[in-house]
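Student: Residue numbers (the working numbering), protein chains in the order written: chain A, 1 to 705; chain B, 1 to 162; chain C, 1 to 120.
I should point out that these hints are in silico values taken from the structure, not numbers from a laboratory. Heads up, the beta-carbon is just placed ideally off N, CA and C, and yes, glycines get one too. Careful: at least some of the hints might be erroneous.
[Unchecked claim] Here are some, though not all, of the chain B residues that point toward chain A, as calculated from beta-carbon distances under 10 Å:
#, residue
1, Thr40
2, Gly51
3, Val52
4, Asn54
5, Ser58
6, Val63
7, Leu155
[Claimed, not checked] Cβ-Cβ distance ranges computed for the label pairs, FRET-style:
#, chain 1, residue 1, chain 2, residue 2, range
8, B, Glu72, A, Leu547, 53 to 61 Å
9, C, Lys45, A, Val529, 35 to 43 Å
10, B, Asn79, A, Arg341, 51 to 59 Å
11, A, Glu622, B, His19, 37 to 45 Å
12, C, Ala39, A, Glu584, 30 to 38 Å
Here is how the chains run, residue by residue.
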Amino acid sequence: MSVEIDTSAFTEEAYELLSELEDSLLELEESPGDQELIGRVFRAMHTIKGSGAMFGFDAVAEFTHEVETVFDMARNGTISVTKELINLTLAARDQIRAILDAAGGGSPANEENAQRIIAGLRGLVPGAGGGAAGGAAAAKGKGKKPVVEAGPHSYRIRVKPHADIFANGTNPILLLNELREMGESRIIALTDDLPDIGALDPEQCYLSWEVFLTTEKDENAIQDVFIFVDDECDVNVRLLDREENLSTDAEPKKLGQILVERGDIDQEDLEEALQPLGDRLVDAGVVGKDQIRAALTEQQLVQEKREKKKKAEAATSVRVPSDKLDNLVDLVGELVTVQARLNQTSASVGDHDLQLISEEVERLTAELRDNTMSIRMLAIGTTFNKFKRLVRDLSLELGKKIEMTTEGAETELDKTVIDQLNDPLVHIIRNSIDHGVENPKDRLAAGKPEEGLIHLAAVHSGASVLISVADDGKGLDPQFLKRKAIEKGILPPDVELTDKEAYQLIFGAGFSTAEKITNVSGRGVGMDVVRKSIDALRGQIDVQSELGKGTTITLKLPLTLAIIEGLLVEIAHDFFVLPLAAVEECVELSRDRVANAHGRHVINVRDEIVPYIRIRDRFGIEGESPEIEQIVISEVDDKRVGFVVDRVIGQHQTVIKNLGKNFEHSEEFSGATILGDGTVALILDLQKMVRFVQHEEAEENSGGE
Amino acid sequence: MAGGTRITETTQYLTFMLHKEVFAVDISKIREVLEFTSVTKVPRTPQFMCGVINLRGSVVPVVDMRLKFNLEASEKTVNTCIIIVEITHDDGEVTVMGALADSVQEVMELEPSQIEDPPKIGTRLRSDFLMGVGKHNDRFIMLLDIDRIFSPEELSTIQAAA
Amino acid sequence: MAKIMTVDDSASVRQMVSLTMKGAGYDVVEAVDGKDALAKLKGDKVDMVVTDLNMPNMDGIELIRQLRALADYKFVPIIMLTTESQATRKQEGKDAGATGWIVKPFKPAQLLGVIKKVLG
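Turn these sequences into a full structure, and let the hints guide you.
Tutor: Rendered as structure tokens:
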């Protein structure tokens, strides 16, 4: 039994490494001199070989050894990285995969193929035969200096700026940000020194921080962050995960022990105040609440590290049927709603104890929500990377030169959405390569660079994710599409079509515009599959094209299980939620300020002119607006736009409920949510609203005179 | 052909009042009847779209039946209620919606013989909204084709002229 | 985009600093010495100042001191350009209120690194 678990851990890792390897090789193809990439390829091979042998995958180990040997020479500069080497290594990578597949019950790997690859690789070694080269490389490898194991380490960094740190123009936040960029971090602000608001001097710094950082970098790199503030800031760095801390047999340190070690208290304090420790220590004024919090975080971190270590020793992941996750997400959604109600009720009852409980539940709910969501959210990057190979192989097959670029690989999407996106994207990209991008000769004749471009991008937009595939190919010809549709009897001969409608024809079943059928596309299956899959995800497809310039197909997908942070606002007695992510600030709009703008809907915010939309007017809400209204300033399509409301109520955890078919046309709302008192508030889609207003104003201006 | 499918079986109906007229909906379509609660209006939608309510955690649209049938609007009373119905769309999808009515009357059984095809004129209602007209104690009862009335085409919320 | 002033009496250093920063997308204002800088800064607010220390008319230390006395420049990051041999000058500069320093000669990437560090 145990053997089975272990091998699956290996194969899982190996598949991952293989896909990394593929990415690295493709990158290396573009910049063959990149030592770092060569190193990465070598390391991937090395790990596969090493763990393969350990797990009894001798075939994998033997084969990989041959490839690694040759790549080691590339690493040492004995041979150079050529197209041939890359092709052979890619083939080798596929071969390793085949061996792995075979071990997992797939069809046996082709042994001749393996021999051919090895022979090819050996052929790249100058002068010597394969065996000798292998020996030489091995000898070289042994002569190397042992490298200190680099793996990530956890540090506790205490940052205590002096009160006058601002006087030198230093912004401590930037220092924290720098630390944050070094790895995975948790930052705790110690606010115990903060005086009452009356005694507070805004030009002084009262805060200090404890940063728990897990990073690949060493202590010197951490100290370097503070190079300019040597005299203005006390910095103390301590390595947390020395072996004794992490050894899995030892109990994790107790809170008190940590406090003593950190010098926050001494042993006597600890013994005096053992139960309940935290509260007593705070009451006794020995340590501040924040120090306890920081110590707790430290305890947690060490514990987590140990967990991680344990996990690495055992299984690496758990597979769970996704409907179980769906269930969990639904339940969390309900919980968030109930929590909002608890919050509201406890606030109105005014019972202090109840409020404390409510706050605790709020914290837990938020954590539970984030955790649950993160289980289901995956970056789309992995999917993007798969397409690199597709583009490479397909363009090679069709004799075209195409470069694929990506953007927004870190954009996170629900797992189900990502899974279901794969096929439609494959079809769209195939289509772009086959029909969109011209062959090199035609491109040159059309005055374009020989190499075509396919750009894959993902971006969040309100409650949606936009995924676009853009090519710089020949574009779609609406007249041609229309003719074709009429020929095939899909459309009546006298049909009137806009260009946009004509573009949508490509998604029709049995519709192919290719003049000749290739291996790749042109049989009229494919693009209709795209339409079906995207419909199933409740998404939309938008096609933009310019003849001769290229085509962009954009998929707009809803975030199915979105719970978002919202800003709850009120107009008359209606409540609305604005997505908090877009909100920058709130400013007051008084009647004189309106009068001074001479009827234009703009406001001057710190010397910047910001246009605003009066939601009250836009939605025809009756009644008189208050003397002083609030403008919520948000960033929409990279511009600042204000939204005028009566009152800003505050942050609101918003479970997005679909408004359903009947409100499909109410595009200014991305959904609705249920408030603590059970009433329904609408969630505004700010982007849509701004676009509608712009559009309407443009029409008024052109038609008005 | 107006009127849709002919009614061939004895069916139970829930009757309700709108502007002193009696209407009825096949009871198998009805999920529950709620007292009138606060409805959140969705701006820039037609008048007859009352808005949305919270039905135990789901957001459900509510249609003001008076306004949908071009009857005059009325003040809410203690009898005003929201009839929650299940609508089956052409593609087989089921959605839950609310119908705002003046009051709910009773559940009654009508045999096919008590039901006549909807007349093409004289009902002040579009005949395709009706499955038939029932007769009961000398009263006419408008049997509504609720799937039709609540179909997306009918409720299309393209912005009404402001 | 942030606006940065470079103060240096050497035209070649000024040009190098200026080109580097413009290349990275910053708006750049140039001044030839402390006096020139102060005059220009009174009409035009910048987000950061990069100044040499040894300059005619008004040197960098004095410029830093005077800037820190102005309400608008009390908390603005100021970076001084020093040479290895100027350890005491560096301390003087810090005492006057400089945020950080760059040791000459430096590479464009180092300059941008420091700007990012203090300006975000």
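Student: So, for every hint listed, does it hold in this structure?
Tutor: Okay, the hints, checked on the actual structure:
no., hint, result
1, Thr40, "4 Å, holds"
2, Gly51, "8 Å, holds"
3, Val52, "5 Å, holds"
4, Asn54, "5 Å, holds"
5, Ser58, "7 Å, holds"
6, Val63, "8 Å, holds"
7, Leu155, "5 Å, holds"
8, B:Glu72 to A:Leu547: 53 to 61 Å, "55 Å, holds"
9, C:Lys45 to A:Val529: 35 to 43 Å, "57 Å, violated"
10, B:Asn79 to A:Arg341: 51 to 59 Å, "29 Å, violated"
11, A:Glu622 to B:His19: 37 to 45 Å, "25 Å, violated"
12, C:Ala39 to A:Glu584: 30 to 38 Å, "34 Å, holds"
The earlier numbered hints that this structure contradicts are 9, 10 and 11.
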